[in-house]
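Asks: Sequence lines, in order, name chains A, B and C.
Per my numbering, the first sequence starts with residue 12, numbered consecutively.
Per my numbering, the second sequence starts with residue 12, numbered consecutively.
Per my numbering, the third sequence starts with residue 12, numbered consecutively.
The set of hints was computed from the structure by calculation and includes no laboratory data.
Heads up, some of the hints might be wrong.
To be verified - Pair ranges (Cβ atoms, derived): (1) GLU17/A with ALA142/B: 53 to 59 Å; (2) GLY308/C with GLU27/B: 40 to 46 Å; (3) ARG197/A with PRO54/B: 37 to 43 Å; (4) GLU306/B with PRO54/A: 19 to 25 Å; (5) GLY123/A with ALA61/C: 40 to 46 Å.
Note that the Cβ used here is the ideal one computed from N, Cα and C, for glycine as well.
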Amino acid sequence: MFTLAELAERVGGTVEGDGTVAIRGLAGLTEAGPGDITFLANPKYAAAAAGTRASAVIVGQDWKGTCPCAQVRVKNPDAAFSVVASLLGPRPVEPAPGVHPTAILHPTVTLGVNVRIGPYCVIEEGVVLGARTSLFAGCYVGSFTEVGEDCRFYPHVSVRERTQIGHRVIVHNGAVIGSDGFGYVREASGWVKIPQIGVVVIGNDVEIGANVTIDRARFGRTVIGNGVKIDNLVQIAHNVQIGDHTAMASQVGISGSSRVGRNVMLGGQAGLAGHISIGDGAIVGAQSGVTKDVEPGSFVSGYPAMPLPELKERVQAMEKRLSRLEEPGAARTGESAS
Amino acid sequence: MFTLAELAERVGGTVEGDGTVAIRGLAGLTEAGPGDITFLANPKYAAAAAGTRASAVIVGQDWKGTCPCAQVRVKNPDAAFSVVASLLGPRPVEPAPGVHPTAILHPTVTLGVNVRIGPYCVIEEGVVLGARTSLFAGCYVGSFTEVGEDCRFYPHVSVRERTQIGHRVIVHNGAVIGSDGFGYVREASGWVKIPQIGVVVIGNDVEIGANVTIDRARFGRTVIGNGVKIDNLVQIAHNVQIGDHTAMASQVGISGSSRVGRNVMLGGQAGLAGHISIGDGAIVGAQSGVTKDVEPGSFVSGYPAMPLPELKERVQAMEKRLSRLEEPGAARTGESAS
Amino acid sequence: MFTLAELAERVGGTVEGDGTVAIRGLAGLTEAGPGDITFLANPKYAAAAAGTRASAVIVGQDWKGTCPCAQVRVKNPDAAFSVVASLLGPRPVEPAPGVHPTAILHPTVTLGVNVRIGPYCVIEEGVVLGARTSLFAGCYVGSFTEVGEDCRFYPHVSVRERTQIGHRVIVHNGAVIGSDGFGYVREASGWVKIPQIGVVVIGNDVEIGANVTIDRARFGRTVIGNGVKIDNLVQIAHNVQIGDHTAMASQVGISGSSRVGRNVMLGGQAGLAGHISIGDGAIVGAQSGVTKDVEPGSFVSGYPAMPLPELKERVQAMEKRLSRLEEPGAARTGESAS
C-alpha cells in the first residue's frame, strides 16, 4: 500500500487532487475501482478516463481532459505505469532456486552463481549458463551453447547446439532457436539438403516471443542485435542479420540472408524476401510484402510493397485526363490542334 | 458393426436402398470400400459420390444426384457424420487414469475427481484442475492457474501463471497461453519492457489449436469468450477480447487491445490492427488486413481492407465514362454544350 | 585438413591457382580468413568475392569475375558446398546411443536396431520406430504411430496417434503432427466439434520445419508426399494432400482438403483456400492468396491471386483508349462515324 503522493514521487510526477488517498492495486480504466490507480496513454480512451471508478489516473503532462478522481501528471504515462506495476503488481514468478533434481545436466556444463533450472530441463555437453540465468520447466539447451547472465527461458524453450546468447535475454514458451535453415539443391532425384552448419548469435537485452523460430546459418551466423524485440510466431531464416533495437510484431517472416538495420520497426505479418536490405530506422507496415531494398528512414507498406500505390497514381492521372476530355469544348481543342 | 438401418436411426435419417447392409467402418468418398459408410456434404464432390465403392452414403435431404449404393438422407450430413464417427471411429485416446508418477505437482495443487495427468507434466503452486480434466505428457501449468472440468490438454501445452480456463476447453499440442504481451517504452537507451501483469481468461467450450499463442494482458485481462474456436498458429495479443462463439482460421493475428464481437468469423492469415473493434457477426476474409472498426454483420476483405475494392469502383466508373466518350457523336454532345 | 586439390577432387571441380594450399575450415565470403574455403553461388555477392580473405572460393563454371585467391570451378557451387561442409564442418549432433533411462516407452513399443531416444521422451502404446531413427529430448509419439528408418526428431516434437511416417524424415523442434483438424457444425447452441478421426501419412525424405502444424484428416488421410520440404511455422489443414517434391517456404497456410501437386513451390506466407487444386510444377508467389484452382506449370501471385493483375490490364487498356481519344482528330473520327 502506498499513498498517491508516495507513488507520484516514485514516478517523478505531480499530484493533482488528494495525495493522501491510499492506493492498493492497479487496473485498466474501465476495470479499476476504489483503491486502484490506472493510467491513460492512448487519447482514444479519454472517455473511459472520464468515467473511471479508480482512485487516481496517471496522465500525460499535456492532457487536457478531466476525470472524477486524483491525477498524477508525468512525462510518459507508459513508463510511469511500469514503475507502478513493479510496486503494486504481482511478484514475478521464478523457478525455485538451484537445479531441480530431475534436470539432466551433462557433467561438462558450467553454471554461474544463482542459476535456476526447473524440472525436466535437458542441458547438453559443454553448455555455459551465466549467473542468475533462470530456465523454467522442460527447456532444452543444445551442446556448446553459451547463455549470458540474467537470462530467463520460459517453459519448453528449445535452443540447438552452438548458439550464443547474450545477457538479460528473455525467451518465451516454445520458441526455437538454431533450427536448420531451409536450404536444398535441386537434383534429378529431388531436393538434396544443404548442411546448415552455422550458428545463431543473439545480443544483449533481446526478447523473443512464444513459438518464434530462428534458424541457424547455413554457415557463418544468423545475428540478432542488442535490444531487439521479437513478438510471437515470428520466423527468422538462416543468415539473417537484425540490427540493434529493431522491433518486429507478431507473425513477421524474414527470408534468408536479408539484413534489417538498426531501429527498424516491422509491422505484424510483414514478409521480407531474401537477400534484401532494410535501412536503419525504416518502418515496414503490417502485412507488407517487401521484395526490394528499403532506404534508411523510409516507410513502406502494401503488397508488393510498391505496385498498388503506383496503380493508384495511374488511375488518378487517367481520371484527370478523362475529366479534361469530358469538359465542354474538349473535342474542339482537339480539332484546332489538327 | 451396425446395419445401415440402425445407423440411420441414430442420425435421424431415412434409408433409401437396402437397410440390412452391414456397416463396419467409415471413410471418404474415394477411399471407402464395401462395408464402409461415407458422406457427401460439399456438392463439389458429387462426381466422387457417383463413383464410390462404399456400401452407403449419407446425403442431404435435397440432394438430387445418384450413387451406386444405399443412401441415408439427413438434414445435416456434417452433423450425421459426427454421430457415425463416434459409433464407428477409433476410440479417442486418453492419458492413463490418475497422476503419472513422473508428473511433478506442487503440494498445494487441487485436483478434481478423475483428473488424468500424463508423464513429465509440471503443475506449479496453487493450481486447480477441475474434475475429469486430462493433461497429456509434458504439459506445464503455471502457478495459481485454474482449469475447469472436462478439459483436455494435448502434449507440450504451456500455460503461464494466474490463467483462468473454463470447462470443456481443448488445447492442442504446443499452444502457449499467458505469455507476456509485446509492450515497450522507447527510451534513449532502447526499448524498455513494460511489465505484463495481467492475465488470460478463457470461457467454456473453447478450442485452441496447435502452437497458438495467447498473450496475457498488460494489466487486466485478455478474454476469450465461450464457445470460441481458434485454429493453429493464431496469435492473440495482450488485452484482446474475443466474443462468444467467434471462430478464427489458422495464422490469424490480432493486435493488442482489439475487440472482436460475438459470432465473428476471421479467415485464415487475416490480421487485425490494434485498438479496433469488429462488430458482432462480422466476417473478415482470408488474408485481410483490417485497420479500422468493422460494423456488425458486415463482410470485409482485402488489404488494406478497403482500398482495393475502391480502386476497382474507380476503374469501373472510368470505363463507363470512356465508353461514353468513344460513342459516335460523343464529341458533338460536348460541342453543343459549349 | 585437406589440400585444395583434394577438396576439388571430392567435389568434382577444377582448381585455378595453388592446389597445395591447406584448407581447414569453411565460412562466408566476408567472414572467411586464411585457411578457409568459401563459395559464390549468388552473383549478387560477386563484390564480396573480389574482397574475400579466404584461401579459396568455389565458383560456377561460367563465372567471369576475379577473386584474390585460388578458385575451384564446379557445375553447382551449392552442391559442392554441401560436400565440403560434410568434410570440414562440425560433426552433426546425435542423441546418445540407446534409450535414455528417463524415456518412457509403453511395453508394446517396437524399436529397430540402433534407435536412439533422448531423455524425457514419451512413446505410447503400439508405436514402431524404424532402425537408426533418433529422437532428441522431450519428444512425444502417440499410440500406434509408425516411424520409418533413419528419421530424426529434434527436441519437443509432438506426433499424435496413428500417424504414419516414412524413412529419412527430419522433424524440427516443436513441430506438431496429427493435431485435430478445424471442423465444426453450427448449431443453435454454437459450434459443435466434428470428430477428427483420420490420420496423417508422411512419405520418405520429408523435412518438416520448427513449430509447423499438420492436422490429421477428418477421416481418411492428410498426405505429405515423398521428398516434400516444409519450412518453419507452416500450417497444413485436415485432408490436404501434398504431391512429391513440393517445397513450401515459412508461414504458408493450406486450408482443408486442398490438393497441391508434385514439384510445386509455395512462397513464404502464401495462403491457399480450401478445396482447391494446385497443378504439378506450379509456382505460387510469396504472400499470395490463392482462391481458385491453379493450372499445372503456371505462376500465380498477388492477393487475391488474380484480381490485381486483371485490374492492371484494365488500367492499361483504358490508358490506350484515352490516348487515342486525346490524339488530334480523335473527335473528328467520332463525328464522321455518326
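Asks: Determine for every hint whether it applies to the structure shown.
Replies: Hint check results:
no.: 1; hint: GLU17/A with ALA142/B: 53 to 59 Å; result: violated, 46 Å
no.: 2; hint: GLY308/C with GLU27/B: 40 to 46 Å; result: holds, 44 Å
no.: 3; hint: ARG197/A with PRO54/B: 37 to 43 Å; result: holds, 40 Å
no.: 4; hint: GLU306/B with PRO54/A: 19 to 25 Å; result: holds, 23 Å
no.: 5; hint: GLY123/A with ALA61/C: 40 to 46 Å; result: holds, 44 Å
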